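Undergrad: This is what each chain is made of:
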Amino acid sequence: MTEWLVCSSFLLVGAAVSVPMVPSVLRAKLFFSLALFSAIADSIAVAPVFAGDATISGQIFFGWPLGVAVVGVERLSAFFLMIVAWFGLPAVALAGRFVPGSSGARAHWFFFGLLLLSMKLALVLDSLLHFLVVWEVMSLSSFFLVLMGNSGQQRRSAGLHYFVAMHVSVVFLMLGTVFLPEGHMRFSMMSGAESALASFVLLMTGFAFKMGLVPFHSWIPEAYPAAATHVSAIMSSLMSKLGVYGMLRTVLSGGFITETAAWLVIGAGILSAVSGITFSVIRRDIKEILSYSSMENLGIITAGIGLMMLGSVQSNAFMMWAGLAAALFKTLCHSFSKVVLFSAAGLVERAGVGRDIESMGGLSRRMPRVSLVFLGTAWASASLPPFGGVISEILLVLSMVAGLSTASPLATTGLVLVLVLLAMTGAIALLTWTRTWGIAFSGEPRSLAAQSAREGRVWESGLLWVPLIGLLLMGLFPALVLEWVSPVMDTIAGATLFPDASLAAWPLVHRAMISTLVSLSLPIAVFGGMVFLLLLVRWLLLRKREQGEATTWSCGWGTPDSRIQYTASSFSDPFVSVVRPVLHTEREGESVSGYFPETAGCHHHDDDPFRKKIIGRIGVFVSGVFSRFSWIQSGNMQQYILYGLVWLVAMLVWILVVA
Amino acid sequence: MELLLIQVVLLLVLPFPVLWIILRVKAFWAARRGPCFFQPFHDIVRLCKKGAVFSKTTSLAFRLMPSVHLAALLTAVILVPMSGRGHIASFEGDFVLFAYLLAAARFSMIAGALETGSPFEGMGASREAAFAVFAEPAFFMLAGAMVLAGGKADFVTMVSAFDGRAVLTTLAVLSLFIMVLLEGARIPVDDPATHLELTMIHEAMILDHSGPDLAMLQYGAALKTVLVSSLLVLVVLPEQLFTGSAGPWLRLASTAGGVCIVAALIGTLESFMARLRMTHVPQFVLLMFSVSLVALVSVLLLF
Amino acid sequence: MVIPFLLFLSPGLAILSFVTRRPGFDRWLLVVHAVLYCGGVAWLACEPAAWAGYFESDPPAVLVLGLLSIVYLAVAIKRCLDGNSVSDLEHRVWHSLQTASLLVFVGAMTAAALSNHAAMLWVFVEATTLASVPLIYASRTKTALEATWKYIFICSIGIALAFIGVILLMMGMDQGASLYFRDLEANAGSIAPFWLKFSFPFILIGFGTKAGFAPVHAWLPDAHSEAPSGISALLSATLLNTALLAVLRFSGILDAAGFGQFVRDALLVTGFLSLFVAAVYMLRVKNYKRMLAYSSIENMGIMAIGFGLGGAGALAAVLHMIAHSLVKGAFFLTAGDILHAWKRRDIAGASGVLATWPRTGWVWLMAFIAISGLPPFAAFFSEIMLMSALLEDGYPVLLAVFLLLLTVIIWGMGRGVLSVALGPVRPDLAGHKRSAVWPQAALLLLAIGIVFAMPQPVEEFLRDVAAILGVQRGLR
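If you read the protein sequences in the order shown, they are chains A, B and C.
Whatever position you read off the first sequence (first residue = 1), add 3 for the working numbering.
Whatever position you read off the second sequence (first residue = 1), add 1 for the working numbering.
Whatever position you read off the third sequence (first residue = 1), add 691 for the working numbering.
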């Protein structure tokens, strides 16, 4: 088992090192094959972990200051390892299409390989210090990939923002690590430490940065879009999941799950979900929309983890099972869907259309294959049946419902509030996905570039059907998926569910829940079947009838053109105008006055208040505070000498007074 | 088994009488004679027999969406327990699936509308999506209140959770009635009889559909009204009235009757009320939100 | 034998260089000297030696000399690879003077590091100032003159204070008592506590001036900015270490006398003050070489904190010293390449390095990563160890301040570094002769390698250094 893991790592090392050296035509193919083989090797390695009670453990000896790196793969790691190994492959396969021009291509491939490698290594390391090293290598390689993205000046500020966020995040993780006494600096040994609670909070915060939870998300909508498409896809669908892994691993180490902690996690999750999806409605850069949606999904996953924790605190096995299942299910769904969405957006961008959805339009006729797969995935991302997303929503609701029975009145109120916010998230998701699809892909072209956009090769978009079909299967057979995941859930339950009585109930809960999910399959299958049936009926009805083509009805206009179409901003305005008080809005231009206004112009720009107000203000505040002291460096020699003197006198006084 | 089948058939058939009742009631208040009983049915059949005209702007998605729309609603049919007993698909959390199926229907409607590139349809779609943002949490809030009162999260338990509590039932009914108006695109939210595109929501979104597609959308809209009003009626009629072996059958029949009464109510409302100004519709939807909130708070206080 | 070899090799070759006055020869001379020097230090590391009573090798001295030899080798190779032909006589004389001063500078630092006597240490630290003056004035411009003047003036005042400090120390001792550090430490208890403590501020500020501690750091940004980059590399990566070593040798006496807490407090305050000053300027700095200079102030501050904490903190500081010397050497050499081609010192003017010269750009970025304390570079480990030490010694508030200042510094520095690497490309530089990058790259690799493959003897050696230099927390 271990040798297969080593083999998989070496394959990726090989990919990182060898791919930049081969001629550019071969690079993408070589990289993909190495990544594929590495995924196969990983699967062979972790299969026994999944199947039985086996764990992979080992030690790598380094000298001081690294010490001994402890490798420990148990079921949770194995689960995430499988996601990292397989789910990114469509994006890896398309990477050749998205690597920016020749100058940085070699470095790009190198860091892409390093990113994949470090993600895997982060999953297999048990000792926190080494985990941190690998974690940072992962962040750094993605940082460099952001810097080498193909979007001009944006990448500089995005890169800096990402770098600082990454640093703050790792500071939290480092603090979390150093709060643990020597000998406890391992995921599997944290619980015994006295300072575990402080570590817990710090580590969770550090991981929240990587997941982009409110209010630590500000780098996400800058860094994801600035990176090249395949990198955005990997960052959003896989790298952010390592934050989930970290959170689960921290929770798994157990011992300090309290009700407060659970509520903090639930709150962070649901607030991220609502705010993420709200901000995605106001953006017009398609990759930014996807980034914010990523934040929403991770928020929901976090809420699931929080519910699981609450279930564990209350010894409520039903609640815990459903919350955990929702989190893991959503993790899978999101990993599938974001790869497709980012790749499809990238294919559109590569067709010369750019990323602004207000200048797209009409692509469903010009790039039909990409559009269709985007539509399907947008549908799935809005958590609509028959795809997998809806299952995780139902599981979340079931978890909350199960929680109502054991919760205190206050907690009950909280749970119902979360339920309502979840519903709101779903409804806003519908708005954002219809907006993205409708404005970007349908209607008339909104720019010349969109007018002349043409589809690429068949395999490019064909590849994206694979994850979409995966999502469909997850929706149709949720029970099977959760049976597959159940070893992971058993492990977590075993570590965090107390007392023994509730743990003993766990298999019963499992069976009961699985049977609910089985009965859930029926309506979803009916939905799928019904679609086909109706399409058949429709085809039969229309077969012999006349079918004509005409222009869209436009009440007196000859032909509808892009200028009279609804824009993205106007589409979302009825909603945005309600939430505008909490947004950051920039308004320019005066309102129209008089009957015959001479000139009128108005520019309106809504933005994420956290990014603009809080993060921006923190920056301004910090600069302000520090620039108050700029007089220190006046260029005046006498002044400098004076400092020395003052300092000397101060120290002498200190001696006289203190000593 | 027969109960389930009849329940499904009843739900599938009810849209026609409901449409007819609404038209008849409106005609009655306007002192007209109104259409014959089979008129709504004939309308649908007529559309099915026609060919179709598609806009040059649209693509494959436009042709798929009406079928998807109806499929979602037809699936919802097997979730609504008109008899008060379990339905074909009754399970913990079925109300979530119900809400998401309605959302799926909404998504397909909006996506189809945006396909045409028409400003009117964009306008309608935009309103539809925005109103749902307020309506859906309201529905979940009400559902939450019912779950809290009933202890279980399936429709069968939920609809009888408020039995015997008049105030709560009234609140739930009010909230659901607004939902019926909203989902069914009825006055005061939307006016099915309007001829001014700028004021339409649902009607705007189907402007460019024709033939069987239009038939599916029309039928779907009526079906949606039936589904939500069945829930409403189920909440009103207490479970205790229908005991014994014939209970479910009786309840099925009375729910169907209740749906017809709701239809009559809608017709009456449409005859005496004008459509709200578009800027006031969100406030109307927020009314549903606040009613549900009041219901929820009272449940939290009571239980 | 090896100590006189190290001590006399430099001045000897300096004379040779000044006599021949051939720049081409000088370039090779430096490389040969550097290689010989490295060999000598390696020998010294294996076999401790003493010579002439005043010079003696101990682990801290070997560490400082080792870092000096490595960075110096890189600088010498870099000079040799990138050397420009100098034709006219005046330039040749100036060039030889430069080479000679550089050699003397290295010699003086060697002597200062090896001195085991308080007065000798003072003499050689002063000698480093004098020897480096021509090096800073290398470009012979008005601004270089100003920088040189500031350098001499401030450092001289500093060194004068240090002199007063030594005298104050002597006042506390018996007449004719020995000024050897080992005797001072052994007899620390018998030194009058008042004079002992009174001397320390003078010593700290005096030698601290050269070590770049705030608030007496004012010469440092100017000098680093004006000096040729190889010299800046040596100033930052080795001179500061030597001066820090001087401060710590004296603080050892106080520590031995039981004033460990006082020394620790003084070093902590100094360290945090340096971090603060660096943070203030990192946010406003416009000149990328000055930016690196402020980063040196920051890193000296970190080391002061570490040594002040003693124990695990001192070990962290030792590791940080290694990390900083290697990385800052690489960083300055790269900055020199950029300055050479772009002819601009301002961040806005020197932009688009990554696109124009990818290799230089990558080394530049990597050096930034390394200095920011991110893995896999050594500074990550020293900083996490320091964090742990701060926490263990019961300074959680200081830890928070430390992290805040560090984050601000990284933000400010990142802005400048990314602007240089990724800013608008200057098309006129496409055909410019590229500078070699592998000396810097080798330094950076060493900064990674040191943590992944640290030999056992080196680790023990570093622990020794930490034990000697760190404050022992001896409280009377």
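Keep in mind the hints are simulated off the structure, nothing from the lab.
Because the structure is a prediction, the values reported are computed rather than measured.
All C-beta atoms, glycine included, are put in the ideal place defined by N, C-alpha and C.
A portion of the hints provided could be inaccurate.
Claimed, not checked - Think about it this way: if two alpha-carbon atoms lie no more than 25 Å apart in a straight line, the pair counts; the simulated DMTMM-like pairs of lysine to aspartate or glutamate are:
1) B/K57 x A/D56
2) B/K57 x A/D503
3) B/K57 x A/E549
Stated by the list, open to error - Each pair of labels, with its calculated beta carbon distance range:
4) A/H608 x C/D956: 49 to 55 Å
5) C/G1040 x A/H608: 47 to 53 Å
6) C/D1037 x A/G622: 47 to 53 Å
7) C/D1119 x A/V469: 56 to 62 Å
Undergrad: Hint by hint, note whether the structure agrees.
TA: Verification of the hints:
1. B/K57 x A/D56: violated, 60 Å
2. B/K57 x A/D503: violated, 66 Å
3. B/K57 x A/E549: holds, 16 Å
4. A/H608 x C/D956: 49 to 55 Å: holds, 52 Å
5. C/G1040 x A/H608: 47 to 53 Å: violated, 32 Å
6. C/D1037 x A/G622: 47 to 53 Å: violated, 22 Å
7. C/D1119 x A/V469: 56 to 62 Å: violated, 49 Å
Comparing the model with each numbered hint stated earlier shows that hints 1, 2, 5, 6 and 7 do not hold.
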